[in-house]
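Each residue of the sequence shown is one higher than the one before, starting from 1112 at the first, in my numbering.
FYI, nobody ran anything at the bench for these hints, they're computed from the structure.
Here the structure is a predicted model, which is why all the values come from computation and not from measurement.
Built from N, CA and C at the ideal position, the CB exists for glycine as well.
Some clues are possibly wrong.
Stated by the list, open to error - Cβ-Cβ distance ranges computed for the label pairs, FRET-style: (1) Gln1687 with Glu1318: 42 to 52 Å; (2) Ser1477 with Arg1570: 17 to 27 Å; (3) Asn1513 with Gly1567: 48 to 58 Å; (4) Ala1692 with Asp1301: 46 to 56 Å; (5) His1260 with Asn1654: 41 to 51 Å; (6) Ile1294 with Gly1594: 43 to 53 Å; (7) Ser1477 with Asp1615: 41 to 51 Å; (8) Thr1452 with Gly1396: 22 to 32 Å; (9) Asn1654 with Lys1369: 55 to 65 Å; (10) Thr1653 with Asn1700: 17 to 27 Å; (11) Ser1614 with Ala1272: 21 to 31 Å; (12) Val1531 with Glu1610: 54 to 64 Å.
As the list claims (entries may be wrong) - Below, simulated DSBU-like cross-link-like pairs (lysine-lysine); rule was C-alpha separation at most 30 Å, straight line: (13) Lys1361 with Lys1336; (14) Lys1476 with Lys1275; (15) Lys1523 with Lys1511; (16) Lys1290 with Lys1336; (17) Lys1290 with Lys1364; (18) Lys1474 with Lys1409; (19) Lys1348 with Lys1364; (20) Lys1511 with Lys1372; (21) Lys1373 with Lys1275; (22) Lys1476 with Lys1348; (23) Lys1275 with Lys1287; (24) Lys1290 with Lys1409; (25) Lys1409 with Lys1473; (26) Lys1574 with Lys1474; (27) Lys1474 with Lys1368; (28) Lys1372 with Lys1456; (29) Lys1409 with Lys1336; (30) Lys1361 with Lys1373; (31) Lys1348 with Lys1511.
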Amino acid sequence: MNVSVGGSVKAAEVLGLSLCFSTASALLSLRFMRVCTKVVQVRFRIFFLFCVVAVNCSLCEAERQPNILIFLMDDMGYGDLRALNPDGAGFDTPHLDNLLELGVTFTNAHSSASVCAPTRYALLTGNHVYRGRNPGGTWEHFSGSQILHDQQTLADVLWHAGYKTAFFGKSHLGSKFLKPNGIQATGFDDADVSQRFYDGPLDHGFEYSLTLPAGIQSEPYAFFKNDRLVRWNDPQKSWQYFQNDSDARKVFKLTAKKNSKKTAYAMDNWNTESVGPLLMHDALGFIDRHVATGEKDKPFFLYYCSQAGHSPYVPPVSFNTRDPMSTNDLGVTEAIPIAGTTINKRTDMIREGDVSIGLFVKKLKSLGLFQNTLIVFTSDNGAAIGPASSWSQSLYNDAKDNSSYGGDRIEKSVDVPWRVHRNAQGVSEDGSPLRGEKGFVYEGGHRVPLIFCWEGGIRGSRKIQNQMIGLHDLYRTICGLAGIEVPMNQAHDSCDFSEILRSDGIDGPLVRDSLYIQSNRPWEGNKKKLFNTWAAYTATATNGSMNCWKAILEYNTKKKGGRSDARCVELFHLSQDPSEAQDLPEERNRRAALETQFHKMVGDERAIRDD
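Whenever a hint applies, use it, and build me the whole structure from the sequences.
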């Protein structure tokens, strides 16, 4: 019995132990499972957070808008860029050639007019010039801006979209100066020049500006910072405002112009050679400040209007952004030689522009901004007359200057006669020279280099040959690339080429099948010289190639109280005759169609203005 009892007890003990072990194992297993579950949960959460961060970063990168830099040269021809004129260019443009290789260039790009002021209005507003204050552009400083009060500039739109906006260089858009009593002044004689002027960059979308109201070619020969007159303090390397009009007039006053009996208002320490270095010093400083103040993640829009290319041709010997007034000292590390490095003084200034774009690229790369910066490089019109330029043939007569021209445009070096720069106005794809130069209605007057470079958003190393584009198209194209909607009733004449730029192919469907460019020249066949002329284009695309016709139209855009009807005076089949040598009077139907097309465009403009 004892044995039996003892056996039962042992059995019970064994059973109890088994239950204890089972329970313990179960508990351990449960705890292990819980631990494993927690580990899995933690790992899943980490993985989930990683995915969220990765997705968010991807979205941020995808949604991040590019910085925008527009670099506008003054009077640079299509053929002044070596990569676009390899057989004729007599000097190198290495920085621009590199930018072209990295980006996309349009070989059929046109300034909106064949002279300065109208193009500058069109670029900023996306409108043809006659939609502004004056149908031919605003050139004076005291009548108000060419930009009307209800017209939003590209800077306005970008600023509303969160961009930091800045303007540097030549404006030529008009303004309003005030007398000491607040009444609008009629000239610098009665203006309070210590106070800010109005209708300038600050009133048209720019938060910061350092401008030359008329560039380097006419008064005032002075800088204006944030629309106020300033003087460069060289020891302090900074700009200084004036407390009152009396203090300002001690250094800003009528001065005799060089080699002339005329006088003009100028700052006492003005010298044209230093203008480019001073502008670049300030523009590069703006980018540095933008990053240093913690705004690196906020995009900027920098509109740089270089003085380089325009007369008077006085390039600096030394281009030094660290010491801008030191224009003759090549002995310091930062100095870049300019004067005497190319064919003549005009082309030296083209080199100055090439150096400037190189400095922008260097700065952007050093700050890690280059990949996400859209750089647009172009010129306000065709090549200006050089100090020693001539034409190889006397085929045509310029009605304005009463001079003959035609064939190759040739600029020779005074010091080295064998050095020649040929066809600054540009050549076509077949190598034939373009007709005309700055001011002309023909291709040489307004065919300009146009490069888009955005390493992080546009595939480079492409030439777009079968598209017509005008500088007024930059408005909608830039907004398209930045993902910004253009407000209603703005940029009436602008087309969006962003899809062409983003596409993997070379060309796509025609964005434009018509284009209109204003010139300031009368038609060469009209001895009365009554009207200025317009170029009117029409194009079709077949099998990836563009078939383009161009009409020369007489049209009095400056007529007050109504305008004359446009008259087609010449017609060229541009695709087969890129030098515009053969007028086609027998194409009556096509001539009439282009007249009608132009009148419709003008009629649409009148309807907009009437509203």
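We went through each hint and held it up to the structure:
1. Gln1687 with Glu1318: 42 to 52 Å: Hint holds: Cβ distance 49 Å, inside 42 to 52 Å.
2. Ser1477 with Arg1570: 17 to 27 Å: 24 Å, holds
3. Asn1513 with Gly1567: 48 to 58 Å: 52 Å, holds
4. Ala1692 with Asp1301: 46 to 56 Å: For Ala1692 and Asp1301 the Cβ distance comes to about 53 Å; the hint holds.
5. His1260 with Asn1654: 41 to 51 Å: The hinted range 41 to 51 Å holds for His1260 and Asn1654, with Cβ atoms some 47 Å apart.
6. Ile1294 with Gly1594: 43 to 53 Å: Since Ile1294 and Gly1594 have Cβ atoms about 44 Å apart, the given range 43 to 53 Å holds.
7. Ser1477 with Asp1615: 41 to 51 Å: For Ser1477 and Asp1615 the Cβ distance comes to about 31 Å; the hint is violated.
8. Thr1452 with Gly1396: 22 to 32 Å: Given a distance of about 26 Å, which is inside 22 to 32 Å, the answer is holds.
9. Asn1654 with Lys1369: 55 to 65 Å: Hint holds: Cβ distance 57 Å, inside 55 to 65 Å.
10. Thr1653 with Asn1700: 17 to 27 Å: Given about 19 Å between the Cβ atoms, the range holds.
11. Ser1614 with Ala1272: 21 to 31 Å: At 24 Å between Cβs, range holds.
12. Val1531 with Glu1610: 54 to 64 Å: 41 Å Cβ-Cβ, so the 54 to 64 Å window is violated.
13. Lys1361 with Lys1336: Measuring from Cα to Cα gives roughly 19 Å; hence the hint holds.
14. Lys1476 with Lys1275: Cα-Cα ~19 Å, so holds.
15. Lys1523 with Lys1511: 25 Å, holds
16. Lys1290 with Lys1336: 19 Å, holds
17. Lys1290 with Lys1364: Measuring from Cα to Cα gives roughly 16 Å; hence the hint holds.
18. Lys1474 with Lys1409: Roughly 17 Å separates the two Cα atoms, so the pair holds.
19. Lys1348 with Lys1364: 23 Å, holds
20. Lys1511 with Lys1372: 25 Å, holds
21. Lys1373 with Lys1275: Given pair Lys1373, Lys1275 is violated - Cα atoms ~41 Å apart, limit 30 Å.
22. Lys1476 with Lys1348: 25 Å, holds
23. Lys1275 with Lys1287: 25 Å, holds
24. Lys1290 with Lys1409: 38 Å, violated
25. Lys1409 with Lys1473: 20 Å, holds
26. Lys1574 with Lys1474: Holds: Lys1574 and Lys1474 sit about 26 Å apart, inside 30 Å.
27. Lys1474 with Lys1368: 37 Å, violated
28. Lys1372 with Lys1456: 24 Å, holds
29. Lys1409 with Lys1336: 23 Å, holds
30. Lys1361 with Lys1373: Measuring from Cα to Cα gives roughly 20 Å; hence the hint holds.
31. Lys1348 with Lys1511: Judged against 30 Å, a Cα distance of about 44 Å means the pair is violated.
This entry does not satisfy hints 7, 12, 21, 24, 27 and 31, going by the numbered hints stated previously.
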